[in-house]
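Whole structure, please, built from the sequences with the hints as guidance.
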Amino acid sequence: MTALSVVIPLLNESGNVMPLIDEISAALNAYAPTAGQFEIICVDDGSTDTTATEVRQAQEKHSFVRLVRHPRSLGMSAALRNGIRRANSVWILTIDGDRQNDPNDAAKLLDIAWAGGKTDRKILVGGIRVNRRDTWGKRFASKYANKIRRAALKDNCPDTGCSLKVFPRDSYLELPFFNGLHRFMAALLKHYGHETSFIPVNDRPREVGLSKSDFTGRAIKGLFDLLGVMWLIHRTPAPLRGSEEILQHGQENGRKAAF
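Numbering of the sequence shown is given in my numbering, commencing with residue 19 and proceeding in unit increments.
Note that these hints are calculated values from the structure, not bench results. Note that beta-carbon positions come from the ideal geometry of N, C-alpha and C, so glycine has one too.
Pairwise CB distance ranges (calculated):
#: 1; residue 1: Lys172; residue 2: Glu192; range: 16 to 22 Å
#: 2; residue 1: Ala170; residue 2: Pro255; range: 16 to 22 Å
#: 3; residue 1: Met248; residue 2: Val148; range: 26 to 32 Å
#: 4; residue 1: Ala169; residue 2: Arg253; range: 16 to 22 Å
If you want it as structure tokens, here you go:
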């Protein structure tokens, strides 16, 4: 089993694939806890360009690269889930396929997640993009969407749109799946008793390809998703601290009583 699985959702990212994989490889091999102990899972979400071909070319160069393909585009959340389900590691790092996230920031997130040499923590560590290189409209929409979500969910996540995140694989797979889950991971994991931490990370301009964002459509879907997550949190009890110990104590008493 490897120390870390990197999951990259890709949709028509021709020209970005090989440079991104090379960057991730260099960054993780330079970080002692992951050097030679990681895999990269590229999820081609129904691309119509040469994205899949470029991943296969990367596989010829790097033995740790894996390819998952969707016959048609299923969306970011489905791409992430299908990549994470196939991961061989306890820990997951997610990163965008457009090269705007900086792979060199991965070590900062992992330093927090694995602080003190503890690799069994229930924690999500996410990035906060600084000096964003997106268009004014995209930054404006993101700023106010984050404000509304934080006010409604109290998740303390300043930038849910930043794809650079680290978290345990099992914790993610325990979450109820829905389209849009990737934007609400922090809120749900926090509700279910996990730690969350967010740190500033670099945001780079897109150099190749076009953004896939549809601001109007995403805003409408995001509103419905927010209402759904509010309902889900309201209807799902948060775990009680000490409940496992109480259960074990009760089981011990039961065994004693049986004798």
